[in-house]
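Taking the hints into account, I'd like the entire structure generated from these sequences.
6 protein chains.
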Amino acid sequence: MSRDVATLLEALPYIREFHGKTVVIKYGGAAMTDESLREEFAKDVVLLKFIGMNPVIVHGGGAAITDHMERLGLEVDFVDGLRVTDAETVEVAKMVLVGKVNKDIVRRINRYGQPAVGICGDDGALFRVSRQLPGGVDIGFVGQVDHVNIDLLHHIQDDYIPVIASVGADRDGQSYNVNADNAAGAVARALGAYKTIFMTDVEGWLRDPDDPTSLVRQADVAEVEQSIDAVGGGMLPKLRACLDAIRGGAGFAHIIDGRLPHSLLLELFTDAGIGTKIFP
Amino acid sequence: MSRDVATLLEALPYIREFHGKTVVIKYGGAAMTDESLREEFAKDVVLLKFIGMNPVIVHGGGAAITDHMERLGLEVDFVDGLRVTDAETVEVAKMVLVGKVNKDIVRRINRYGQPAVGICGDDGALFRVSRQLPGGVDIGFVGQVDHVNIDLLHHIQDDYIPVIASVGADRDGQSYNVNADNAAGAVARALGAYKTIFMTDVEGWLRDPDDPTSLVRQADVAEVEQSIDAVGGGMLPKLRACLDAIRGGAGFAHIIDGRLPHSLLLELFTDAGIGTKIFP
Amino acid sequence: MSRDVATLLEALPYIREFHGKTVVIKYGGAAMTDESLREEFAKDVVLLKFIGMNPVIVHGGGAAITDHMERLGLEVDFVDGLRVTDAETVEVAKMVLVGKVNKDIVRRINRYGQPAVGICGDDGALFRVSRQLPGGVDIGFVGQVDHVNIDLLHHIQDDYIPVIASVGADRDGQSYNVNADNAAGAVARALGAYKTIFMTDVEGWLRDPDDPTSLVRQADVAEVEQSIDAVGGGMLPKLRACLDAIRGGAGFAHIIDGRLPHSLLLELFTDAGIGTKIFP
Amino acid sequence: MSRDVATLLEALPYIREFHGKTVVIKYGGAAMTDESLREEFAKDVVLLKFIGMNPVIVHGGGAAITDHMERLGLEVDFVDGLRVTDAETVEVAKMVLVGKVNKDIVRRINRYGQPAVGICGDDGALFRVSRQLPGGVDIGFVGQVDHVNIDLLHHIQDDYIPVIASVGADRDGQSYNVNADNAAGAVARALGAYKTIFMTDVEGWLRDPDDPTSLVRQADVAEVEQSIDAVGGGMLPKLRACLDAIRGGAGFAHIIDGRLPHSLLLELFTDAGIGTKIFP
Amino acid sequence: MSRDVATLLEALPYIREFHGKTVVIKYGGAAMTDESLREEFAKDVVLLKFIGMNPVIVHGGGAAITDHMERLGLEVDFVDGLRVTDAETVEVAKMVLVGKVNKDIVRRINRYGQPAVGICGDDGALFRVSRQLPGGVDIGFVGQVDHVNIDLLHHIQDDYIPVIASVGADRDGQSYNVNADNAAGAVARALGAYKTIFMTDVEGWLRDPDDPTSLVRQADVAEVEQSIDAVGGGMLPKLRACLDAIRGGAGFAHIIDGRLPHSLLLELFTDAGIGTKIFP
Amino acid sequence: MSRDVATLLEALPYIREFHGKTVVIKYGGAAMTDESLREEFAKDVVLLKFIGMNPVIVHGGGAAITDHMERLGLEVDFVDGLRVTDAETVEVAKMVLVGKVNKDIVRRINRYGQPAVGICGDDGALFRVSRQLPGGVDIGFVGQVDHVNIDLLHHIQDDYIPVIASVGADRDGQSYNVNADNAAGAVARALGAYKTIFMTDVEGWLRDPDDPTSLVRQADVAEVEQSIDAVGGGMLPKLRACLDAIRGGAGFAHIIDGRLPHSLLLELFTDAGIGTKIFP
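Residue numbers (this note's numbering), protein chains in the order written: chain A, 259 to 538; chain B, 259 to 538; chain C, 259 to 538; chain D, 259 to 538; chain E, 259 to 538; chain F, 259 to 538.
It should be emphasised that the hints constitute simulated quantities derived from the structure, not laboratory data.
Fair warning: this is a prediction, and the values are worked out from it, not measured in the lab.
Just so you know, not all the hints are guaranteed correct.
Not everything, but these chain D residues come out facing chain F in the computed CB check (under 10 Å) [as the list claims (entries may be wrong)]:
# : residue
1 : THR265
2 : LEU266
3 : ALA269
4 : LEU270
5 : GLU298
6 : PHE308
7 : LEU523
For each residue, glycine too, the CB sits at the ideal point set by N, CA and C.
Here it is in structure tokens:
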């Protein structure tokens, strides 16, 4: 028994370091689809809030969107890992993200004793989005976050855990799907977050995506910039979002393996940490 | 020209009366489906906010839910005007209400210069819902609001227009569809609203639903109670919600014809008002 | 009926623009002496307050002072439009302005539902005044406002409409009569007012005072500076006050015809506006 | 020298007792007309404010009103010590009280380093007045204070010394002259003042007005009630105001001889006190 | 590693329960004299503060006082476990408690990252003490706390950990030594503490002080009252203090074995808890 | 009698000047050891607080420390007026200063009606101290204040009189004795005190310590800097502290004769003042 309370005390230096700090968590992958990991994630986030941190969650919901589109008989297409998104697709994506995925997260967090509030880029005009043209190709209503209006977050983040679905609208009120990594980086930048944590389905940033031993344990911004041209797949938007957040004034960024139970706590409360750490 | 500014002044006694007052608006029917009426509604609400009222919007979205269910090939069934709701239906209803209808309202309001925040019964644990058994019949995940936790509204209503989708969860986190009239009444009661306004697709409360000349222009709570057994259809939940709100401490309730352009302003800013007024 | 509420909505863009803004109104001329215009003015000001603006009223009271002096058998004399003011005159002027004109305005405004507070340059040491020597001529206790201490205004302007009589004292406590245009400009400058509106008995700034068609509809500060040497009469202190306010950081200045009913609302809530607009 | 600082310390128990307390001072008589006493009064009040009390001054201005009426050739008439007041008289009284007497007090206080704000019953709707009919006789626009709205005082009394001229209006906006003793009692009652001090031109309450040795040094409310039928002249409204204040929850009332230099400080800061003390 | 973060989560229900709650800790015995336990205690308290509790520490310092008295060649005498205390003894006791023991605790806590403030019953007039006459015997300047003025605690407890030495003065300013159990109970009562924890050098409340297996694991107030006549030694003031606190509105009281490392955390963060729990 | 209240008014200009100002008082010498002067000092400080100043007291306690060391049979040694301080000495000094001298001052002040709070450099990490090496000689645990963390003072100084004992700890938590003049200067500098007053047992700064007629009535910082090499004894740390405070942004410094009754009031409330005044 005495063994266990000692563990609490080992966390003390970390609790002290993170007290009052904002941590933006890009939530996704297995941690969002596996039932058991979802429960653990909700508990972990509530714990962070109770011990004095300000967690802010940003999520997408790729798999759930694809599922629902297939149920509707809609075609699913990707270019460079970005979903080709016509008007119908953006509407479906928004319904699924905001009306299902987001509220599922909110309800789970509520149950563990800290109330959450689920919002998207429309609420309080949180995001201003513009059309993204990857490599000059128009893939429809896929946007990037140009501006984050943190006023609504200031109203709620002391007493609630904000859960942000990565959709938003442009100046004309047209809705866009937004890559959640991009949204998380923009939110972290706007809040000057102490940490930005990207939960993925890989060990971290692998120099060779097929070789788990090629994990980069840490890198500074300059190193990321030098290497980024060689990066592809889903890691590219994550690294770009890390750069965006850190250059804009946020602190450390982490890419961690969300498939591990309590990956968030492992990263925050152990000396070794897990995954890849990127520092300014 | 001088004619027009005089009109502004005619509104002065109403502006004075309503200043700082909370008005809960059950939004629905044609005002929510007709493109032009939707725009007018958003403008009207923004005007109310600018002149010092606190509008709070509660909405359902029956037609949009039915549409989407049909696209998914799901069966649509009603008992006593309440949708029979299995697990799949409640999930679809929530997606449509929260992820589409709610955010459409939010975006329109944002555009006219007062930011809105769209929430549902899950956010900040706003609603606690229990299963509704109309006439003892189990029609699935259709709930009624047992408790409204207005804490989140207090955080946002000074600076934002809250837009509430009428879904929520019970103590176990199970989601329910909630009749929007019921939800509006519960919110009005919890806030002690000065006015609760139900926007409908009829002239108001008609003694004989087929006879527009049978409109009840005003009635007090006792009169409604005496007459309610004879009421059926969609008017029944509205009248029940009026009673619920007024008995719980809210002020006047109004059932108005949302098919008229600017029905909200007509009710609030003209001597005659429109529709049915119910007073304590 | 529907026609009238539409008028309310036409005002929406102006209400949005002026929300939370401070408007300093130099009140005088027919609008202050004609019984019907006085009532309308009070209503207009109350309306502005209700819809979220912060009106601040500055007034003189030339006609009433002259009346009372004549009743007392005192000699009335003017140099360049400025009253020659001996010790007895300044005392009478102050009594009439502060004890009669000011409180009449306050009581009228109170009646329409927004409380007003009448003060003069002495209260809270609002004005520090020094002797004015127009063209080097000593015309007695006629002063100009050297400094406005807005502390008292900050205490009251959120909840009351300040009504300021244009008299004040110098460092030694000697009272002075102050031209109300000068006082209004100084107050607008100190508050960084969004608009300063001078209510006059002419159409606006007329190039040729005898030719109503010579109205200057708008001019920037540079144009006013170039033309001011040619200006005389009562328009001169108004234009000087406009320059003073705008150079000191206030926004637009307007010279309007207070003889028109609701001239204030016409200027603020119609596209065309009325009179002369001076911009930075 | 050491002798003098010792005096400061003798005041310590009184300073302690009065710290943070509200003292309503009915200012009048010689203390208001004698130049030297006026200066001393201003200094005394400023001292009270600096050492942590909240002085609130209420004043009339009988002599100055009579003077001005005579200059205007108006008839001056009294019934039972109350001025017969037609419409013209009330206007003149208000001008003199508010525009001259009140601002003179304000300016003097300002000069000693604590800003004052001069208001009357119109400002912030401070007084609601109704017609007074002494012995059923209509003597015109002479009113009594029915209600004091202390909201404006709450806005200013922490940072300013309120100076209140005893005039006000009825519900219809008609102005009335108000006996300053009556007004002071009403203000003290509304504020729950710790002390109410009436400055007079006699030694205090004399059982026999012609015999200075008949001074009542102290009395409780019951004793005043028993004796009041035998009281006449200017002492009557003062005793009535004392009763009104104390019955309404204010603390001690004092009737002191304002002809003595620093009578206020003598009452507050010496063991013996001066004049008559009335306690609950 | 994953094992350790799981321990953190096991604490989550307790963290949730105790969040924002005040816990008064009577600190004494081995936990205050053993160097290693002292360090652990400081860490434990800092952890409690970081995770959102409000720990308030009350301590005596028996052993250190005796040591110093012996160094000074003063006689040390006890009656019923209470130190016989002449004027010289109370002065020495105060010096040792306030000037040495208290500041040692403060400095240790500071080092772990949450600032502490050491006070005694004199500061902010925290304690009003009266002479204690155990069994009618006068043992000198030994007092009991009659009143706790928690105003100073309200000024500091949000941002600092208060550390209170159990000495105080009576109305005349005479200092007294106060039994720390008594002081802790009085502080817990005044604050309405959620928990009061007495750290001792025994396993808890033992029915038979010589038989560790006679430990009372829990008891309600009625049971303690029935048994208290049979209790002697140092346990008596602890049980009395428990009764005092709980009757006065505090929540649970605990008597725990401070000789165990992290006894505080074991009590708070394990299901079993340790020692004796007394509930209302 | 009237004579006495006039004295109060003579203090008015000073009360005005000092209102809201912070005055750091180095308390020591006869004013701290003579029973009658101690009482007078407490009264004086309470008076300053009541009339709106913020007195902050810093004290040492040389004589009491020496007394207690002799009682313990410890050797007392001085180098250049600084006590040679081994580990045992610093512990004794701290006990005496914090546990006896400090609380005596606190209790006396409390009695006159303004609550005091006694703290030392440990509380709220108020002082960070480093070892002082006068002339390069190691005299043990004698430190100087490198940094003052005024956060705790901000929490308490509005409502309490802070009384600071001049001991503190270095970064490692090692305690040091600190010269009280040095501590007072550091506190005054950190607070930007309006006045720093050093109470001594001499008339002020004497050019020739043996010649009372050589008193320097006033000097600016430059003059002190030029003369300081010739200064020795206890005056040297006082003058250094004056320079430290003033260079760091504090206002005037005064060295006064604490043997005079009410020396503090004499300095503050008479034109002549007493002792030496040093200005920027």
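Against the structure, the hints come out as follows:
1. THR265: With Cβ-Cβ at 4 Å, under 10 Å, it holds.
2. LEU266: holds, 6 Å
3. ALA269: holds, 6 Å
4. LEU270: holds, 5 Å
5. GLU298: holds, 8 Å
6. PHE308: With a closest approach of 5 Å, the PHE308 of chain D hint holds.
7. LEU523: Result: holds, 4 Å to nearest chain F Cβ.
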